[in-house]
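Okay, here's what each chain looks like letter by letter:
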Amino acid sequence: MNYLAILAIYKFEMARTARTLMQSIVSPVISTCLYFVVFGAAIGSRITSIDGVTYGAFIVPGLIMLSLLTQSVANASFGIYFPRFTGTIYEILSAPISAFEIVIGYVGAAATKSILLGVIILVTASFIVPLRIEHPLVMVLFLLLTSITFSLLGFIIGIWAENFEQLQIVPLLVITPLAFLGGTFYSIDMLPPFWQTVSLFNPVVYLISGFRWSFTGEADVNIWLSLAMTFVFMTACLSTVWWIFRTGYRLKQ
Amino acid sequence: MEPIISISGLSKTYASGFQALKSVNLEINRGEIFALLGPNGAGKTTLISTVCGIANPTAGQIRVDGHDIVANYRQARSLIGLVPQELTTDAFETVWSTVSFTRGLFGKPPAPDQIEQLLSELSLADKRNSMIMTLSGGMKRRVMIAKALSHEPRILFLDEPTAGVDVELRRDMWNTVRRLKKSGVTIILTTHYIEEAEEMADRIGVINHGELILVAEKSDLMRQLGRKQLTLQLNAPLSAVPPPLVDHDVTLSADGTELVYTYSTTAERTGITRLLNTVSECGITFRDIQTDQSSLEEIFVNLVTDRQS
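Protein sequences, first through last, are from chains A and B. With our numbering, letter number 251 in the first sequence gets 251, and the count goes up by one each step, no holes. With our numbering, letter number 272 in the second sequence gets 272, and the count goes up by one each step, no holes.
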């Protein structure tokens, strides 16, 4: 195992975050705070409670998950796309480092940034709404699994993309809509039966539901099903990454 | 002695169907400077990229110091440093951090003293904290070399190292390459500048359309394929080549003031004595005589042209 190479990639990516602090951390935190104000205060004042918690507290897990999904994808996709764009990817490919180590470096850094962001949003939210975390270990598990899984997805997008438009298209047209329709701001129990069934095809529902369960003990779907779906999605992403490095897709062709 | 790089039957076909390399066989000796010449699109960069692990070979085998580049890629790649053709740098990084990053990628622990020395040798010491985007093209090229040398490779690939750099920097780089050779580093360089190969290389390979046309010692190549020209500057211009000289295959310059005789340096008899006797018999006098050896560039052009025709 080339630990020094993993560390080099990880530190390199984290240094980029430090250089772009406004874009990487401050901007998503401000966006989330705005969601709290608009949805939590303005709309929440008209909704008494959902699953026994105030509406403001109800949307906290969903908002954290929304940031986690979008930022994991954005960080990881940009992290691997930029060296491809500038041509500096040659040094990664010519270094004595395995595909697995490359993934650990890039995905590890992207996931770290997302988790950091999630924690900051959680702390910020605790100042705005009363929060309780029923199952903290499960919360940490979901934070880890989700950030790693979606960082893997971002890594795949960063290798697939051939220009900046393609880099943006999946997060904008797929990830964000799925997150909004995945129960960030509502419980899927509140939907008509037909749309409840449709929602079950949205993988983000399982992530948000499981994550919300760790906060409130209430969930739209069974917690084990949420965990299983998260693992399935992670396995799919890992398999795709493995295929990319085995075939050299868009890297070594 | 076992070659440091051994390439056998290497072929590379891109997804587009373009065959960039066609069953290339090549051995690079330890400690030598090997120049790979070829026109644009000949396959030089593809050959380097494949050895370094940037492109997957379609067929064939490459061994670096006995290590297969696929099965034992860690051992093989750790011996290699690469300076690519393009100035591909992390614009927002400092010189120090980008060189340290490359060293880390190759699994080497931080060595500030060594990086400091490397930057000094490449006249980059005062730029260590400068962002790369603020450097000139020549400085960026030096940074690329510093990165390639940061992990102390035993083999250095230089892909068109002096393309677009000024004369002073080119001389500096040649000195750096000579210094590396002295320290035992094997250097493979591709270049468009024949002058560069002529100046630096121990051996030369010529590649065209993905095929390695020729590999030879530079001196042998110059000797075997070299042509010399003998030019007689006449005292009085001639209107045509006199009949006795026609058999000697001489040509007359357009203004009739020079007789030019081309001969092979490797022929048993050059025919110079016989030519000069005939010139004397014809009553032709000359005020000066000069000989010119064909340059590597002419040899290269002849090789590539012959193949194409």
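Heads up, a few of these hints could be off.
Unchecked claim - Derived DSS-like pairs (lysine-lysine); straight-line CA-CA distance at most 25 Å:
id, chain 1, residue 1, chain 2, residue 2
1, B, K108, A, K11
2, B, K181, B, K108
3, B, K140, A, K11
4, B, K140, B, K127
5, B, K127, B, K108
6, B, K182, B, K108
7, A, K11, B, K127
8, B, K22, B, K218
9, B, K181, B, K140
As the list claims (entries may be wrong) - Pair ranges (Cβ atoms, derived):
id, chain 1, residue 1, chain 2, residue 2, range
10, B, N40, A, W195, 51 to 61 Å
11, B, M131, A, A228, 19 to 29 Å
12, B, A91, A, W195, 19 to 29 Å
13, A, F245, B, G41, 55 to 65 Å
14, B, G41, A, E162, 29 to 39 Å
15, A, F164, B, S136, 53 to 63 Å
16, B, G17, A, H135, 53 to 63 Å
Keep in mind that the hints were calculated from the coordinates and are not lab data. Where a beta carbon is used, it is the ideal one built from N, C-alpha and C, also for glycine.
Broken hints, by number: 11, 12, 13, 14 and 15
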